[in-house]
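Quick mapping for you: the protein sequence lines, in order, are chains A and B.
With the first letter of the first sequence counted as 1, position 268 gets the number 268 in my numbering; the numbers rise by one all the way through.
With the first letter of the second sequence counted as 1, position 296 gets the number 1296 in my numbering; the numbers rise by one all the way through.
Mixed in with the good hints, there may be bad ones.
[Stated by the list, open to error] Some chain B residues close to chain A (C-beta under 8 Å, calculated; not the full set):
| no. | residue |
| --- | --- |
| 1 | 1032 |
| 2 | 1088 |
| 3 | 1089 |
| 4 | 1109 |
| 5 | 1122 |
| 6 | 1291 |
Read the hints as simulated data drawn from the structure, not as lab findings.
Since the model is a prediction, treat every value here as computed from it, not as a measurement.
Note that the Cβ used here is the ideal one computed from N, Cα and C, for glycine as well.
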Amino acid sequence: MTRGAAITRRVAGHLARGVVMIWVVATVSFFIIREIPGDPVQGMYESLLQKGMSPQQAERATAVLYGFLPKGTLWDQYVGYMGSLLHGDLGQSLSTPGVQVTHLIGAAASWTVLPVLAGTLLSFLLGVTMGVYAAIRRSGKLGDLLALSGSLLHGIPVYVIGLLLTAIFATLWPILPSGGPVDVDYVPGLNPGYIGSLLYHAVLPVVTYTLASYGGWILAMKSNVVAVLGDDFILAAELRGLKRGIVFRYLARNAILPLFTILALSIGMLFGGSIFIEEIFNYPGLGLLLVNSISSRDYALMGGTFLIITVGIVVANIVADLLYTVIDPRVRSGGTA
Amino acid sequence: METAPGVRIRDLTVVYNTPMGELPAVSGVDLTLTPGTITGVVGESGSGKSTLALSLLNAVQPPGRISGGSVEIDGLGDVVRLRGEELRQARGRKVGYVFQAAQNSLNPLKTIGKQLLDLGRSHDVADPRALVRDAKDLLARMGLDGARVLDSHQHELSGGMRQRVGIMLALVLNAKVVVLDEPTTALDMITQATILRIIREVHEERALTTLVITHDVGAVAEVADALAVMYGGRIVEHGPIADVLGAPAHPYTQGLIRAIPRLSGDISQARALPGRPPTLGTLPAAGCVFRERCALRMEICETVEPAPVTCGGRTVACHAAGHSLAPVKRKEYV
């Protein structure tokens, strides 16, 4: 088999498995929501009947909200729900009547993805770079200090960091806004004032997120680098007189490899939002949306949010696996997927 | 053709920093590599032979350090004094090193060809194409398809192939001093024989000065011109290989040779050397390091370390062997 055909087969296999996983999660969450004690779907249907709707009207109204019929066998309802899922229809929100769940999720995602993505990437870059130095200077003061900073920040909960930063930079020394995603004075769009305000408001959440996840990266990278430093090929490269920069690249590339899986997964997780950060900084993101949907028993929204998180993680997994075929030659020629 | 450089190791001491203080792995070693010869160094694990090999590139790894002595290489000076860029440029360019466990001496993420170009870039090779051509020639001499090997990753090559790639990388910059640390360990007998033949051929072709470290007396007998025997961080015997193997003077060398099983004859004739080699911590502070296992042990061995005595091209460090060597000395000079 040619290399191209092998890669095509690999991608196809990953996609098929991804679709199956998403289907399983959608099915499980359908039945969980359907089987919750007190059956919210049935409850809604009955309350609409009590409000004086005709059975047909109540049925239609419930169907619009949940994306499936409250009547008929469980199987019929399941088929109906899957059908509308295939059309990208997640039903309508209960707490904000008349608004499509997909619309709510889309709006929240735009507030979540950029700050969390920026925070993830920043903490990754920072943690990985510092991890290399912590490993190389591990017997010196600088190494001790870096490793200590990692353990410390890894141990402090994200909301403590968030509250601390707000207290310092928004209250004690008010140079940054304490919350909200953007000033309402600006017209949304691609104008410098609006974008500037967006960035200004994003500083604290991004820094909080970066500090909160930096510790994990630096500790993981440090231990990887120490392991690779003990590998024979690094000493061999030095004995061949390779330039320091080249030896460093050998070291860093080999050490960073295992971290890409974790990075891809954290990027996938960002569709779950970051509940604490969004709560502290009053960001209307996905995390807040999920929490609100749970507290207001908005089952359609809940199901939709879970589904988005699932899709995010499944896609991130596939991307991570495919990424390895590019960056790790041992996986590439592994042949059978 | 330029002449092969000579290597003179003088009073070399390498210590390792341990919880028990600094302990010597190599103590006061004198060893001269005659230009254009292959010198073998044999010894048991822990005898300090790999440390000695690394000293030739001033590459003793922490917690070890060279605490005294010199390693003079013609055209390079005292390697022990080299630092930073000077040292880096000498490695690979002037002194080629084939790594112990060369199977793992390659970056798993890059093709051999790219690692070759990294090597060229590190040593400011003006013409990368010529470098690739030289590499292919060398690989072809070792019975490999150069183009295919350069296009491969480490995991696509067998142990013997990787070993040959390691030798190629040590030779491709035309280093005149080559150090091979256990070049045939972990290889099967056939591959061992091939590698040894290649080492011998390339050595002669390029007029190299070669040092082969091994614990395999049989392997070294195949290739070396001279043999040095190490024990407890000292060279206890050194001389032309036929003399050292044919008429070993030091009781340790005698024990080593008696321990080799023969293909012909009774296997029970092989006699294992009793006792264990010393470790860094159990080396005696005074006297002969070998006395605990020595059949010829005398009173003087307890207190006085035997100084190396040279005669007739052979150097031996033993109080007892000094007597048996004495007649030879007389015969030569009278």
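>> So, as I understand it, the hint says residue 1089 of chain B touches chain A; can you test that by seeing if any CB pair is closer than 8 Å?
In response: 6 Å, holds
> Hint check: is the beta carbon of residue 1291 of chain B less than 8 Å from a beta carbon of chain A?
Replying inline: Hint violated; residue 1291 of chain B Cβ to chain A Cβ min 35 Å, cut 8 Å.
> Close enough to count: is the Cβ of residue 1032 of chain B nearer than 8 Å to one in chain A?
Replying inline: 23 Å, violated
> Close enough to count: is the Cβ of residue 1109 of chain B nearer than 8 Å to one in chain A?
Replying inline: Where the cut-off is 8 Å and the nearest Cβ of chain A is about 6 Å from residue 1109 of chain B, the hint holds.
>> Less than 8 Å between beta-carbons is the criterion; does residue 1088 of chain B satisfy it with respect to chain A?
In response: With a minimum Cβ separation of about 5 Å from chain A (threshold 8 Å), the hint on residue 1088 of chain B holds.
> Quick one, is the residue 1122 of chain B hint okay against chain A at 8 Å, beta carbons?
Replying inline: 4 Å, holds
The structure fails hints 1 and 6 (numbered hints given earlier, in ascending order).
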